[in-house]
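Undergrad: Next come the chains, spelled out residue by residue.
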Amino acid sequence: MADAKVIPFDDDRSRGSAAQRPQRRRSAGNRRAGTESGPVREVQPLPTRAVPQDDVPVTAEQEASDRSQGDGGLERRIAGGLAFLRRRLTGDYEVDDFGYDEELTDQVLMSLLRPLYDKYFRVEVKGVENIPSEGGALIVANHSGTLPMDGLMMQVAVHDNHPAGRHLRLLAADLVFMLPVVNELARKLGHTLACSEDAARLLEQGELVGVMPEGFKGLGKPFADRYKLQRFGRGGFVSTALRAGTPIVPCSIVGAEEIYPMIGNAKTVARLLGFPYFPLTPTFPWLGPLGAIPLPTKWTIQFGEPIPTDGYPPEAAEDPMLMFNLTDQVREQIQHTLYKLLVQRRSVFF
Amino acid sequence: MLVTGVARPLGGRFVRRIQRDPDVDRVVAVDAVPPEHHLGGADFVQADIRQPGIARVLAETGADTIVHLDVTGTPLGSGNRASLKETNVIGTMQLLGACQKSPSVRRLVVKSSTNVYGSAPRDPAVFTETTPPKSLPSGGFAKDTVEVEGYVRGFARRRPDVAVAVLRFANILGPTADTPLASYFSLPVLPTVFGYDPRLQFVHEDDVIEVLRLASHEPRRGTLNSGTFNIAGDGVLLLSQCSRRLGRPTMPLLLPAVTWAGSLVRTLGMTDFSPEQIRLLTHGRVVATGQMRETLGFQPKYTTAETFADFARSQGPGLLPPEALAGAVDRIAALPLAGGGQTPTQSAD
Chain A
122 MADAKVIPFD DDRSRGSAAQ RPQRRRSAGN RRAGTESGPV REVQPLPTRA VPQDDVPVTA
182 EQEASDRSQG DGGLERRIAG GLAFLRRRLT GDYEVDDFGY DEELTDQVLM SLLRPLYDKY
242 FRVEVKGVEN IPSEGGALIV ANHSGTLPMD GLMMQVAVHD NHPAGRHLRL LAADLVFMLP
302 VVNELARKLG HTLACSEDAA RLLEQGELVG VMPEGFKGLG KPFADRYKLQ RFGRGGFVST
362 ALRAGTPIVP CSIVGAEEIY PMIGNAKTVA RLLGFPYFPL TPTFPWLGPL GAIPLPTKWT
422 IQFGEPIPTD GYPPEAAEDP MLMFNLTDQV REQIQHTLYK LLVQRRSVFF
Chain B
-2 MLVTGVARPL GGRFVRRIQR DPDVDRVVAV DAVPPEHHLG GADFVQADIR QPGIARVLAE
58 TGADTIVHLD VTGTPLGSGN RASLKETNVI GTMQLLGACQ KSPSVRRLVV KSSTNVYGSA
118 PRDPAVFTET TPPKSLPSGG FAKDTVEVEG YVRGFARRRP DVAVAVLRFA NILGPTADTP
178 LASYFSLPVL PTVFGYDPRL QFVHEDDVIE VLRLASHEPR RGTLNSGTFN IAGDGVLLLS
238 QCSRRLGRPT MPLLLPAVTW AGSLVRTLGM TDFSPEQIRL LTHGRVVATG QMRETLGFQP
298 KYTTAETFAD FARSQGPGLL PPEALAGAVD RIAALPLAGG GQTPTQSAD
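Protein chains in written order, with my numbering: chain A, 122 to 471; chain B, -2 to 346.
Careful: at least some of the hints might be erroneous.
Said to hold, decoys possible - To be clear about the criterion: a stretch of chain A counts as covered by chain B if any three or more of its residues have a C-beta under 8 Å from a C-beta of chain B, and this derived list gives those stretches: (1) 287 to 293; (2) 315 to 322.
Stated by the list, open to error - Per label pair, the in silico range of CB-to-CB distance: (3) S180(B) with L411(A): 35 to 41 Å; (4) D295(A) with K98(B): 20 to 26 Å; (5) A413(A) with S135(B): 33 to 39 Å; (6) F396(A) with T127(B): 28 to 34 Å; (7) D327(B) with P343(A): 53 to 59 Å; (8) T127(B) with E426(A): 35 to 41 Å; (9) S260(B) with A345(A): 30 to 36 Å; (10) P185(B) with D346(A): 44 to 50 Å; (11) F396(A) with S183(B): 46 to 52 Å; (12) D20(B) with P284(A): 56 to 62 Å; (13) G94(B) with F396(A): 34 to 40 Å; (14) E255(A) with S135(B): 43 to 49 Å; (15) T127(B) with E255(A): 25 to 31 Å.
No lab work stands behind these hints, which were simulated from the structure alone. Yeah, the Cβ is synthetic: ideal placement off N, Cα and C, and Gly gets one too.
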């Protein structure tokens, strides 16, 4: 990121906290058989914390501790897997009003995303304690990377790192719900349409809602504009949070910009397909499906200090000036954190 | 009390049930064809609500409560779609015209459907009574209900002294319900739209009768039974869950193929697999029932899942009964390879 306008900041706080806070992650056993291993989850991070180490040793240690559980672990896992299979085959599971299938998400879909998260993008998560342990909160993040990979990684980051095991409910564009297969998976992952009705309903239920107000403007921006936040919609997310009285947690994602460097946009093709843009990257579409493989960049996801919204009077949600001010405040905070993280970053890839 | 659409099982059940209520003196049951089931002690009047004769019936009986159930999606017997639309729309217009002339009418209950919301990918996940639909239904029963509700709103404006309740029912299921969705679920193999798993909501026919009763009497203390209410059981089932619980395999088809097959089946006249039905089975529809609970004061006895279980019991076993699948998994679990161990699989459920 040589050409990005980098503003140096006093960065001791975030750097210090990053070293102190190794990644807390659920045990592998818990991943597959969600019912048991309550104590296992609590105990396991301790040895990791005692030895300050990077990401890779964490997984090695986990495997070792898995093995130390003995053969009982394997048996239990098989039994759990069969019980899971039985429930799935007979349709004996629950989904919520939005179609969120918690069991499938926890035990299958998250396991599919986790290799990408752990091994490919090597996501480092900071400031997860800024997400409240209970009650509704709106996480507002920057959006980039041509394909909405950053949303999915943010979902895994919250799911695997938050001590209360919270689930992030993302708000997605309507295009997601028009595409076959994609809409089915998105609903099962707990995503819903980015509209104020759905967001308000989720926040009322005390859910953690993730939104990327830049939308396609951020996702499909050219590579030259990387890490420059686009307009934050019309600030609808602020009024929704104000009405619900839930805090806004700004979130900055570094690394997603470079996974598909978009050097061009085939507008005619995009119009023909009904997509908002059609990316041309150094590899796509020239190399065919191979070009669709994202670059293995190193990611950092930083959750910032929550901005409370419960101190405002009820009519504040109707005040456009306050809306714009709050929107700008959130936007500035995300942009500053982005610059800060970029200064700290050693390289795009590691 | 005057009840329309009694030749259908639901109307018949309602008429039989409502006579047992102490504050109902007399029930006049109206339909164009004589019902095959008995109506208890109700007086049956054979009248077509599409004809102005309904005004005479209303004037002669002096009914104070009108329960309009003749808004339906499936034709009775040999009727076709055109006559069904006439009954739904023209019938409602005639009935409302008659009500407007009749000074005795105090209360009107109209059976509508959550079809009025349509279903589109741009819609919010959960509809409330005030959500405007993003795309109005283009035809079929859904369009009928939109038009019927429009006329009912007009009537409510012109006769503010009449308490009007519009009940938007989710898909009605039950052992005897004859709704399009019930006939869909009785197919041996369920055709589905590839890549879509719609969320569905059901309401049990027993709950339908109960809520119609609630709406046709004086409101209970602290509740209000005029207005528009969504009526649905709690919770949501995905179509894939429904097919697994029913034990019927699905056959995913591409959306254009489903649309084409639907129109083919329709022209052959086999079943009413209408476009709005396909839209429902593509995008699904879920409604909020807060108004039903808080304002109307109605608690459905059956959740969506219980309604479906009751419906599934009334259907014959499918090609892949869930019990057989569960048994097969249990047998695998009992194999020595899987260990069984101290935590047998059976205990997990």
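Undergrad: Tell me if the beta carbons of E255(A) and S135(B) are separated by a distance inside 43 to 49 Å.
TA: holds, 45 Å
Undergrad: Between F396(A) and S183(B), is the Cβ distance one that fits in 46 to 52 Å?
TA: violated, 40 Å
Undergrad: How does the Cβ-Cβ distance of D327(B) and P343(A) compare with 53 to 59 Å: does it lie in that range?
TA: holds, 57 Å
Undergrad: Could one say that the CB atoms of A413(A) and S135(B) fall in the range 33 to 39 Å?
TA: holds, 37 Å
Undergrad: T127(B) and E426(A), beta-carbon distance inside 35 to 41 Å?
TA: Given range 35 to 41 Å: holds, Cβ gap about 36 Å.
Undergrad: Using the C-beta atoms of T127(B) and E255(A), is the stated range 25 to 31 Å upheld?
TA: holds, 30 Å
Undergrad: Within 44 to 50 Å or not, the Cβ separation of P185(B) and D346(A)?
TA: Since P185(B) and D346(A) have Cβ atoms about 56 Å apart, the given range 44 to 50 Å is violated.
Undergrad: Confirm or reject the claim that D20(B) and P284(A) have a C-beta distance inside 56 to 62 Å.
TA: Because 58 Å falls inside the window, the suggested range holds.
Undergrad: Go check the region 315 to 322 of chain A versus chain B for me, would you? Three or more residues, Cβ under 8 Å, otherwise it fails.
TA: holds (count 4)
Undergrad: 28 to 34 Å was suggested as the range; check whether the CB atoms of F396(A) and T127(B) agree with it.
TA: holds, 33 Å
Undergrad: Taking 20 to 26 Å as the hint, is the beta-carbon distance of D295(A) and K98(B) inside that range?
TA: violated, 47 Å
Undergrad: Between the beta carbons of G94(B) and F396(A), is the distance compatible with 34 to 40 Å?
TA: violated, 51 Å
Hint compliance for this structure: hints 1, 3, 4, 9, 10, 11 and 13 are not met, and every other hint is.
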